[in-house]
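Chemist: All chains, please: the whole structure from these sequences, using the hints.
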Amino acid sequence: EAGVAQSPRYKIIEKRQSVAFWCNPISGHATLYWYQQILGQGPKLLIQFQNNGVVDDSQLPKDRFSAERLKGVDSTLKIQPAKLEDSAVYLCASSLDLVRNTEAFFGQGTRLTVV
Amino acid sequence: AQSVAQPEDQVNVAEGNPLTVKCTYSVSGNPYLFWYVQYPNRGLQFLLKYITGDNLVKGSYGFEAEFNKSQTSFHLKKPSALVSDSALYFCAVRDGVTGGGNKLTFGTGTQLKVEL
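First to last, the protein sequences are chains A and B. In this text, residue positions in the first sequence follow this note's numbering: the first is 1, and each later residue adds one. In this text, residue positions in the second sequence follow this note's numbering: the first is 1001, and each later residue adds one.
These are calculated hints, taken from the structure and not from any lab test. Each hint should be verified, as a subset may be incorrect.
[Stated by the list, open to error] Covered by chain B, per the in silico footprint, the following chain A stretches (three or more residues, Cβ under 8 angstroms):
#1 37-51
#2 102-108
[Unchecked claim] Just some of the chain B residues that point at chain A, by a computed CB distance under 7 angstroms:
#3 Phe-1034
#4 Gly-1043
#5 Leu-1044
#6 Phe-1046
#7 Lys-1049
#8 Lys-1103
#9 Phe-1106
#10 Gly-1107
#11 Gly-1109
The structure presented is a predicted model; accordingly, all values stated were derived computationally and were not measured. Every residue, glycine too, gets a C-beta built ideally from N, C-alpha and C.
Modeler: Structure, rendered in structure tokens:
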């Protein structure tokens, strides 16, 4: 089966600009996650969707970050305006549902550099 | 709040020798534990998980992990390391307590280096 697809793979922007990332989860997966991975750190959950509803966005900097999952399939994550400290790899993942014993499958990530 | 600790930033081992990558966790309820591996410029790949049952779980590429409830640990092991095992390894935990939200929390990662 096809894996989690993310685009773009790389993005370089200047601070205060905006950027958007796209994710297409594995077909049939109800749960979708966006993680931020700063160099040298483990992934940090930004937002978690169940179908098109938000389950957890407690660590999402809502003054500049937004995410949506229209129709419960694809998702976009937006940053506006970007700061230097947003430089990181943004990982999208999906899992079958909210049953806790299912593992998450990850995309290759989008590496964002803010200059 | 749930958390994961990986006390070693890097582990070095000779090819053919056994390897261990350490992980300890903290949750309110029963833990659901996972190991992922990350190769350069790639996303995380699932290796194995512990949900319930046997304390020794087997996963992909010959890896296994031992769940120890009294020590709140879930160490990753492999009897004979390969150079191709060199990568970044992450331990992760979900809290099984009702209302835990299903949040998957990762450790900071351990870089494994296998040398000839």
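Chemist: What hint numbers does the structure not satisfy?
Modeler: The structure conflicts with no hint, since it agrees with every one listed earlier.
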